[in-house]
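Enquirer: Here's the letter readout for the chains.
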Amino acid sequence: MATQAAFMPGAKAETATTGVWSWITTVDHKRIGILYGVTAFIFFLMGGIEALIMRAQLARPDNNLVSAQTFNELFTMHGTTMVFLAIMPLSAAFFNYMIPLQIGARDVAFPRLNALSYWIFLSGGLFINSSFLFGAAPDGGWFGYATLTTRQFSPGHHIDFWMLGLQILGIASMLAGFNFIVTIVNMRAPGMTLMRMPVFVWMSLVVQFLVVLAFPAITVALILLMFDRFFGTLFYAPAAGADPLLWQHLFWIFGHPEVYILILPAMGIVSEVLPTFARKPLFGAPVVIYSGIMIGFFGFGVWSHHMFSVGMGPVADSAFSIATMLIAVPTGVKILNWISTLWGGSIRFTSALLFSLGFIAMFTMGGLSGVMHASPPVDLQQTDSYFVVAHFHYVLFGGSIFGIFSGFYYWWPKMTGRLLDEKLGKLHFWLMMVGFNMTFFPQHYLGLIGMPRRIYTYAADLNWGFWNLVSTIGAFIIALSIFVFIVNVIKTRRSGPVAGPDPWDARTLEWAIPSPPPVYNFATIPTVHGRDELWLQKHGDGHGGAPTRKPAPTTAKEIAAIHMPPPSYWPILLALALAVMLSGLLISYVQVVAGGLLTLYCMFKFALEYHRPAQEAH
Amino acid sequence: MTKRARVTASLLLLAVVVLGAGCGLVGWEWDTPMSTVQPKSDFGKMTHDIFMLISWTTLVIFIAVEAVLLYVCFRYRDRPGAPIPKQTHGHTPLEISWTVAFAAILVIIGIPTIRVIFKTQEAPAATTLHVDVTGKQWWWDFQYPTLKIHTANELHLPVGQTVAFYLHGPDVIHSFWVPQLGGKRDVVPARVNRIILTPEVPGEYLGQCAEYCGMSHANMRFRVFVHDKAGWDKWVAAQQAPPVEPKEDLAVKGKDVFSQSACMGCHTIDGLSAGVLGPNLTHFGSRTTMAAGIMKNTPENVARWIENPAHVKPGALMPALGLRDEQIKAVTAYLQSLK
Amino acid sequence: MADAHAHAHHDPNIGTTGLDNRKVGMWIFLGSDCMFFGSLIGTYLAYKGKSLAGPGPHDVFNIPLTSESAAVLLASSLTMVLALSALQKHDLTWAGRWLFATALLGAHFVGNQVYEFTTFALHDGLTLGTNLFGSSFFTLTGFHGAHVTGGVIWLLGLWFQLKRGRLDARDYTKVEIAGLYWHFVDIVWVAIFTIVYLIP
Chain A
128 MATQAAFMPG AKAETATTGV WSWITTVDHK RIGILYGVTA FIFFLMGGIE
178 ALIMRAQLAR PDNNLVSAQT FNELFTMHGT TMVFLAIMPL SAAFFNYMIP
228 LQIGARDVAF PRLNALSYWI FLSGGLFINS SFLFGAAPDG GWFGYATLTT
278 RQFSPGHHID FWMLGLQILG IASMLAGFNF IVTIVNMRAP GMTLMRMPVF
328 VWMSLVVQFL VVLAFPAITV ALILLMFDRF FGTLFYAPAA GADPLLWQHL
378 FWIFGHPEVY ILILPAMGIV SEVLPTFARK PLFGAPVVIY SGIMIGFFGF
428 GVWSHHMFSV GMGPVADSAF SIATMLIAVP TGVKILNWIS TLWGGSIRFT
478 SALLFSLGFI AMFTMGGLSG VMHASPPVDL QQTDSYFVVA HFHYVLFGGS
528 IFGIFSGFYY WWPKMTGRLL DEKLGKLHFW LMMVGFNMTF FPQHYLGLIG
578 MPRRIYTYAA DLNWGFWNLV STIGAFIIAL SIFVFIVNVI KTRRSGPVAG
628 PDPWDARTLE WAIPSPPPVY NFATIPTVHG RDELWLQKHG DGHGGAPTRK
678 PAPTTAKEIA AIHMPPPSYW PILLALALAV MLSGLLISYV QVVAGGLLTL
728 YCMFKFALEY HRPAQEAH
Chain B
51 MTKRARVTAS LLLLAVVVLG AGCGLVGWEW DTPMSTVQPK SDFGKMTHDI
101 FMLISWTTLV IFIAVEAVLL YVCFRYRDRP GAPIPKQTHG HTPLEISWTV
151 AFAAILVIIG IPTIRVIFKT QEAPAATTLH VDVTGKQWWW DFQYPTLKIH
201 TANELHLPVG QTVAFYLHGP DVIHSFWVPQ LGGKRDVVPA RVNRIILTPE
251 VPGEYLGQCA EYCGMSHANM RFRVFVHDKA GWDKWVAAQQ APPVEPKEDL
301 AVKGKDVFSQ SACMGCHTID GLSAGVLGPN LTHFGSRTTM AAGIMKNTPE
351 NVARWIENPA HVKPGALMPA LGLRDEQIKA VTAYLQSLK
Chain C
24 MADAHAHAHH DPNIGTTGLD NRKVGMWIFL GSDCMFFGSL IGTYLAYKGK
74 SLAGPGPHDV FNIPLTSESA AVLLASSLTM VLALSALQKH DLTWAGRWLF
124 ATALLGAHFV GNQVYEFTTF ALHDGLTLGT NLFGSSFFTL TGFHGAHVTG
174 GVIWLLGLWF QLKRGRLDAR DYTKVEIAGL YWHFVDIVWV AIFTIVYLIP
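Chains as they are written, first to last, in my numbering: chain A, 128 to 745; chain B, 51 to 389; chain C, 24 to 223.
Looking at chain A on its own, in the form it has when it is part of the complex (with noise of 0.2 Å):
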């Protein structure tokens, strides 16, 4: 194995080398992507799956084809599945690619951190859905109230998996953030201040920030859980005199800013799609920016509107409910700022822009609902029934996967070379969009006529079979248009048209270099004299200014002297470890001794992998 510390001179650059063994110890933030988005997708459809079987169940009324337990199970798994082995890693399969490219950086500041970021996520995802196996899938909801998740009321395996494997996929996102956080503002292009950078990295910056305070709350919220299931401590004991509101405040402490990490992504993106297909600037992009940051901040203080219904208090209640209208104003001036940006434009309809399009309509109508929820009286009749279901479908499918899909045609051809099939792609689009709105559009009006939600049956004299209905029949019209888009994916794989480096004429930095990027990315590190500088470098800033200089040619002993960090086998093998630490608390003691030691071993394997040997003379 290659024993050269990173960033050694004389070291060569790393040549793409293929295999299994390749990815095993990739630490290229490229390959890193790639694997996410891989994964991502594989648990989406998963995530996708478990919905059919919901949605065919709850088609009829009084149905039998799955029995409460499964059903109480699906939901469960689906919006864990959803939140945190989908959404949230799609967005880091593209803030692992894009944002080096995007800051006109060679990697991330720790290349191999992010590998084991990658390998943990994944150990947690699968750890996770293997409960399946045992017959202990978690069945607490995804957000697992207390005191129905506590060992009394909840014997058995199932919530001892879900809370193990968010812990686990906790530490993989925290990791991540702590990496991000210090790429974004440490290893930043020459000239390329903050302000310059582009929105999506400006997005993906507040969304660490979010991941690495965020987290410690749910961290906390899991611990007392896993205390109180297993060492008999009394967090969540009621007749102890606890409290069984403090697991929904800690919990939703997290839960809040965890639905803005969900969206924020899907907004950097639309808010880089937009600007290439209109062929102007983003509009207000000074104020989109602090909207983010300021939605980041604010974030914080608007957890209990998940809590409405518990009997805070009138003052509690009158607080948040200020506070959750306050946090819309930037939320909602965003939509203004992106369709002024395609106002006066020149627009192309490519599907990577009609995705953001259809972001921009979904999210709109998902963030009126959320509107009615901001005001208590109104939300007591609408939390936990299938208005705020719809919602929050609206905002997260129509809002962060519309987005996630904008970004997938937008730079496809910057990961693999090759452009996407517009026709396959439109399709993909409009059946997708017919049925999304199908399937949750009439869970609005379910919603407005009582039906609770997380039941797995209802009576048949409600009125709410035919939409139940018609809401199952949009949910296989999705299935069909996510079909379309893997067929468009293996046909394009191969016989899919040659992208070139800049197939849109697009504004920022990836698209300045070729399609996929050198394993360096930049040949030389460009020089930044404003946002959109590729943009600037092409067609000045159009209003009189001269295009800036493009870079020179690199020579080819200059590449040669580029050193990229090699590969390393610590990160998964540390990634194995803390698995078999953190597992054995369902097996043995033993288990968890054992590897605890491995891990501590890794670690320092991990951290001392590129320290200097002894008999190095200086």
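Calculated directly from the structure, the hints in this document are not laboratory data.
Predicted, not measured: the structure shown is a model, and the values here were computed from it.
Please note: incorrect hints may appear among the correct ones.
Computed footprint of chain A on chain B; a stretch qualifies when at least three of its residues, placed anywhere within it, have a C-beta under 8 Å from a C-beta of chain A [unchecked claim]:
hint, region
1, 83 to 92
2, 116 to 124
3, 135 to 148
4, 163 to 175
5, 234 to 247
6, 258 to 267
Pairs of lysine to any residue, SDA-like flavour, derived with a Cα cap of 20 Å [as the list claims (entries may be wrong)]:
hint, chain 1, residue 1, chain 2, residue 2
7, C, LYS46, A, PHE733
8, B, LYS198, B, GLY281
9, B, LYS169, A, GLY440
10, B, LYS279, B, ILE199
11, B, LYS136, A, SER473
12, A, LYS550, B, ARG127
13, A, LYS550, A, VAL614
14, A, LYS665, A, ALA650
Backbone N, C-alpha and C define an ideal beta-carbon position, used for all residues, glycine too.
Once you have looked at the hints, place chains B and C on chain A.
Expert: Positioned in the frame of chain A, the structure of chains B and C alone reads:
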């Protein structure tokens, strides 16, 4: 895609949207048993007024935003040979205006919101009827301490009388929700939450637990009967009366079976047993539904339930007692005689 | 906006801000760890005085012992600073001694805590499951103790590397970030000591 094709597609989409919206306004039935938009109480009406205010406001915003979006897509679509458009970076006065406008709309929504929050959480007056609600996995216990009435799964109320529900939870979090009478309030262990409302229209309403509480959350339902004065007095009198003595042979036999079975340990029939783990059965025969509102109170259903509760209601905590068929028939007759 | 970048220094760890990546990373980690301890302290405060039975804080606390622990930890922060200063001056002997002293003081703190926990469990009948105080106290201080233990292992690792001739002034940043972590753990103790032990 040709311009004609694109225009056609967009018009089609518009048609679908309009059709859908039309269906929404006209074709969807709002007067359904668990509707939240046909309020039958003061609480419900106050909530509904704000809901309508927000709905109209957001509808206007929605139509405006989507219309501008569609317009922009048409008007500014790329044409062959078009030059690079003007690179506008922003327009501060415009951005400030729409921010202020949006904030103003929220103030308009916020003010009545705060008012209603405080109004609906005021302390009860001395004349308020006090009802203790206990939500357990997976049924509802109702007690009227001032009237010395103890029943389960069917709530009876007098019209026009303000009632304060005190919510108790010995196991997990549930939520007490009767959509036609207003919003929900959670049942939280180690806390006593309170919700106060005045039903204004006599009728039969449906309630359901609205916080996921385990296996049979979907089966934790209840009924609410709002009576005029005569009906209320009649119901109270019947509930306060001692349990009806069985006359019919089968019912008499059923009482014997009941007295000798494990039923005694979990259920209360005044004067006979004092169990508190299961619903109070003193006037079970007067209820229209059973097993927390999931089926009608008929001999077949009662028998099915007694034979194997978990078959009817997944996870039900009442065990199958192993009674023989004729014993079950007898107990059924007895329970149904308890009017 | 500071524009120092790698090429001037040939140190790939120094970035746009002029700071070492690892130092920025450690600061962000400490911010996150603040939220972690904040949540645990919040839980402790939420349950303060709410235990229904069993010993309470002032039935069991040994303030003199805990004060000694606090002093020990504060002293260890001093020795940490001295270790770093010695390293910067290329005085490897004293750097090693001060590093070891820091680890030793940290281990003493953990030892005190082990003694305290066992006394509570065996003499006072206070364990994790006794009451809300037991649950929240042991969890909060236990996690802090675990952080100290992790720090001790880290410091001993650094000391060991130094002894083997594999750590010198070039590795200043590595020792500096260990120092940042160590000071953080010390500050958290000051907070816990005040909130849990001193405030009635």
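Enquirer: Decide, hint by hint, whether the structure agrees.
Expert: Tested hints:
1. 83 to 92: Held - the region 83 to 92 of chain B has 5 residues with a Cβ nearer than 8 Å to chain A, which meets the minimum of three.
2. 116 to 124: holds (count 5)
3. 135 to 148: holds (count 10)
4. 163 to 175: Check passed, 7 qualifying residues.
5. 234 to 247: As far as the region 234 to 247 of chain B goes, the hint holds, because 9 residues have Cβ atoms under 8 Å from chain A.
6. 258 to 267: With 10 residues closer than 8 Å to chain A, the region 258 to 267 of chain B meets the three-residue bar; holds.
7. C/LYS46 <-> A/PHE733: holds, 18 Å
8. B/LYS198 <-> B/GLY281: At roughly 18 Å apart (the allowed maximum being 20 Å), B/GLY281 and B/LYS198 satisfy the hint.
9. B/LYS169 <-> A/GLY440: holds, 12 Å
10. B/LYS279 <-> B/ILE199: holds, 17 Å
11. B/LYS136 <-> A/SER473: Holds - the C-alpha atoms of A/SER473 and B/LYS136 are around 10 Å apart, at most 20 Å.
12. A/LYS550 <-> B/ARG127: holds, 18 Å
13. A/LYS550 <-> A/VAL614: holds, 12 Å
14. A/LYS665 <-> A/ALA650: holds, 19 Å
Of the numbered hints stated above, none is contradicted by the structure.
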